[in-house]
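The opening residue of the sequence shown carries number 227 in my numbering; numbering runs sequentially from there.
Don't read these hints as lab results, they were simulated from the structure. Treat each hint with caution, since some may be false.
[To be verified] Below 20 Å or equal to it, Euclidean Cα-Cα: the simulated DMTMM-like pairs (lysine to aspartate or glutamate) are: (1) K273 x D323; (2) K345 x D308; (3) K345 x D319; (4) K345 x D389; (5) K273 x E351; (6) K302 x D319; (7) K302 x D282; (8) K273 x D389; (9) K284 x D323; (10) K302 x E281.
[Stated by the list, open to error] Computed Cβ-Cβ distance ranges for the label pairs, DEER-style: (11) T269 x E386: 18 to 24 Å; (12) Q363 x D319: 46 to 52 Å; (13) T325 x S231: 50 to 56 Å; (14) Q274 x E301: 24 to 30 Å; (15) I362 x A259: 51 to 57 Å; (16) A341 x V381: 49 to 55 Å; (17) S300 x L369: 42 to 48 Å; (18) A322 x G228: 55 to 61 Å.
Idealized CB from N, CA, C, for every residue including glycine.
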Amino acid sequence: MGTVSITGIKPGSTSLKLTAGTVTKIIPIAVTAAPGLSALTITATAKQGGGYTVEDSKAPASDETRRYMVTSASEKPTVAYDTVCDRASGWVDWPADNTIQGGKGQIVTVVHATASGAKARALGEATLPAPLPASIQVTPESLTLRVGEKGTLDVKVLPEGADQSVTV
Numbered sequence: 227m228g229t230v231s232i233t234g235i236k237p238g239s240t241s242l243k244l245t246a247g248t249v250t251k252i253i254p255i256a257v258t259a260a261p262g263l264s265a266l267t268i269t270a271t272a273k274q275g276g277g278y279t280v281e282d283s284k285a286p287a288s289d290e291t292r293r294y295m296v297t298s299a300s301e302k303p304t305v306a307y308d309t310v311c312d313r314a315s316g317w318v319d320w321p322a323d324n325t326i327q328g329g330k331g332q333i334v335t336v337v338h339a340t341a342s343g344a345k346a347r348a349l350g351e352a353t354l355p356a357p358l359p360a361s362i363q364v365t366p367e368s369l370t371l372r373v374g375e376k377g378t379l380d381v382k383v384l385p386e387g388a389d390q391s392v393t394v
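With the hints as extra help, turn the sequences into a complete structure.
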């Protein structure tokens, strides 16, 4: 016979009984679950003046590094345990001040990866919210009216993507 292939065993302990004529051999088998990515909770908050503060629910282990990628929802990276998340693949080293750039609706994907080999060990993501209003642009900048006349002002909240709600 030579080789015996074993597949489809669930995690846990079992044994394999081999019999040849009157001779029997029992082989213990321990099956462990395949490693999986730990889940991270990521929060993204718009900063006054632009950018986002991104926070991670836990610090990377001492032999890990933290990296991130900002993409559209349709271009999110596919990450599994041991996926290489290096700079050559588009991953960016975590900023010391937790500040990243991006736009409303984009996705920030965060990984903890091994310091050697950049292999993924934990994963989380967040959707970037609308930026905070930084200024109000009004055209024309001044208006002169006589009693009973109407005027129109074009009002735009900056930066692009900020909530356009204005109270008059």
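Going through the hints against the structure:
{"no.": "1", "hint": "K273 x D323", "result": "holds, 12 Å"}
{"no.": "2", "hint": "K345 x D308", "result": "holds, 4 Å"}
{"no.": "3", "hint": "K345 x D319", "result": "holds, 14 Å"}
{"no.": "4", "hint": "K345 x D389", "result": "violated, 39 Å"}
{"no.": "5", "hint": "K273 x E351", "result": "holds, 18 Å"}
{"no.": "6", "hint": "K302 x D319", "result": "holds, 17 Å"}
{"no.": "7", "hint": "K302 x D282", "result": "holds, 18 Å"}
{"no.": "8", "hint": "K273 x D389", "result": "holds, 14 Å"}
{"no.": "9", "hint": "K284 x D323", "result": "holds, 16 Å"}
{"no.": "10", "hint": "K302 x E281", "result": "holds, 19 Å"}
{"no.": "11", "hint": "T269 x E386: 18 to 24 Å", "result": "holds, 23 Å"}
{"no.": "12", "hint": "Q363 x D319: 46 to 52 Å", "result": "violated, 36 Å"}
{"no.": "13", "hint": "T325 x S231: 50 to 56 Å", "result": "holds, 52 Å"}
{"no.": "14", "hint": "Q274 x E301: 24 to 30 Å", "result": "holds, 28 Å"}
{"no.": "15", "hint": "I362 x A259: 51 to 57 Å", "result": "holds, 56 Å"}
{"no.": "16", "hint": "A341 x V381: 49 to 55 Å", "result": "holds, 50 Å"}
{"no.": "17", "hint": "S300 x L369: 42 to 48 Å", "result": "holds, 44 Å"}
{"no.": "18", "hint": "A322 x G228: 55 to 61 Å", "result": "holds, 58 Å"}
In the structure shown, a violation is registered for the earlier hints numbered 4, 12, in ascending order.
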